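Construct all of the structure, not just a fragment, from the sequences and the given hints.
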Amino acid sequence: MNKTLRKISFLGMIAALFFMSGCKKKDPSVLKVFVRSSNNELVSNAKVVIIADVGSEPPTPAYADTVMTNSSGFAYFEMDEFFAQLPKKEKTGYFDILAKREISQGEGYVRCRAYITSVKTVYLEP
Numbered sequence: 000m001n002k003t004l005r006k007i008s009f010l011g012m013i014a015a016l017f018f019m020s021g022c023k024k025k026d027p028s029v030l031k032v033f034v035r036s037s038n039n040e041l042v043s044n045a046k047v048v049i050i051a052d053v054g055s056e057p058p059t060p061a062y063a064d065t066v067m068t069n070s071s072g073f074a075y076f077e078m079d080e081f082f083a084q085l086p087k088k089e090k091t092g093y094f095d096i097l098a099k100r101e102i103s104q105g106e107g108y109v110r111c112r113a114y115i116t117s118v119k120t121v122y123l124e125p
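Per numbering that gives the first Met the number 0: the sequence shown = residues 0 to 125.
Please keep in mind that the hints were generated in silico from the structure rather than gathered at the bench. Model, not experiment: these values are computed from the prediction. No residue lacks a Cβ here, since even glycine has one placed at the ideal position from N, Cα and C. Possibly wrong hints are sitting among the right ones.
To be verified - In the DSSO-like style, the derived pairs of lysine-lysine whose C-alpha atoms are separated by at most 30 Å in a straight line are:
1) LYS99 / LYS46
2) LYS88 / LYS31
3) LYS119 / LYS31
4) LYS31 / LYS46
5) LYS31 / LYS87
6) LYS90 / LYS46
7) LYS90 / LYS31
8) LYS87 / LYS119
9) LYS99 / LYS31
10) LYS90 / LYS119
11) LYS88 / LYS25
12) LYS87 / LYS25
13) LYS99 / LYS119
14) LYS88 / LYS119
15) LYS46 / LYS119
16) LYS90 / LYS25
17) LYS119 / LYS25
To be verified - Each pair of labels, with its calculated beta carbon distance range:
18) GLU80 / LYS46: 15 to 25 Å
19) GLU101 / LYS25: 31 to 41 Å
20) PRO58 / GLU80: 12 to 22 Å
21) LYS88 / ASN44: 31 to 41 Å
22) ASN39 / GLN84: 15 to 25 Å
23) PRO125 / LYS88: 14 to 24 Å
See below:
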């Protein structure tokens with residue numbers, strides 16, 4: 000009886016571990032775009048636009064978003080909504096980046112991945 004109780008307890012613990020590991024919350028999908036001036040200084044209040052590259056390989060579904068840089072000089076895009084619309088096997092998206100402040104502007108290109116913080120720096124040209 001004691002052996003049987005031990006086996007049942009052991010199997011119960013293993014089942015609980017599998018259940019808990021399956022419910023683990025995934026990390027957020029984030030795209031951070033730093034904006035720097037031609038003097039390499041971080042720029043606050045710059046307008047940053049990301050536009051999906053529908054011609055990429057594999058193709059990225061249409062998506063666009065606009066955020067202003069914060070006082071630390073970066074724009075923070077939460078991409079979970081974008082990745083929720085993709086098929087389960089798709090975990091990447093490719094985006095063109097446009098940044099502008101007053102008369103200065105810059106552009107870039109980035110690959111964003113699900114459950115990871117992707118980072119890109121864009122330099123403004125006068």
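Checked hints:
1. LYS99 / LYS46: holds (5 Å)
2. LYS88 / LYS31: holds (23 Å)
3. LYS119 / LYS31: Holds. LYS119 to LYS31 sits at ~6 Å (cutoff 30 Å).
4. LYS31 / LYS46: holds (13 Å)
5. LYS31 / LYS87: Roughly 23 Å between the alpha carbons, so the hint for LYS31 and LYS87 holds.
6. LYS90 / LYS46: This hinted pair holds, its Cα atoms lying about 27 Å apart.
7. LYS90 / LYS31: With Cα atoms ~17 Å apart, LYS90 and LYS31 stay inside 30 Å; holds.
8. LYS87 / LYS119: Judged against 30 Å, a Cα distance of about 25 Å means the pair holds.
9. LYS99 / LYS31: holds (16 Å)
10. LYS90 / LYS119: Measuring from Cα to Cα gives roughly 18 Å; hence the hint holds.
11. LYS88 / LYS25: holds (15 Å)
12. LYS87 / LYS25: holds (14 Å)
13. LYS99 / LYS119: Roughly 15 Å separates the two Cα atoms, so the pair holds.
14. LYS88 / LYS119: Holds - the C-alpha atoms of LYS119 and LYS88 are around 24 Å apart, at most 30 Å.
15. LYS46 / LYS119: Roughly 15 Å between the alpha carbons, so the hint for LYS46 and LYS119 holds.
16. LYS90 / LYS25: Within the cut-off at roughly 13 Å; holds.
17. LYS119 / LYS25: holds (22 Å)
18. GLU80 / LYS46: 15 to 25 Å: holds (20 Å)
19. GLU101 / LYS25: 31 to 41 Å: Distance hint for GLU101, LYS25 holds at roughly 39 Å.
20. PRO58 / GLU80: 12 to 22 Å: The hint (12 to 22 Å, Cβ to Cβ) holds, given that PRO58 and GLU80 are roughly 18 Å apart.
21. LYS88 / ASN44: 31 to 41 Å: holds (39 Å)
22. ASN39 / GLN84: 15 to 25 Å: violated (37 Å)
23. PRO125 / LYS88: 14 to 24 Å: violated (44 Å)
Hint compliance for this structure: hints 22, 23 are not met, and every other hint is.
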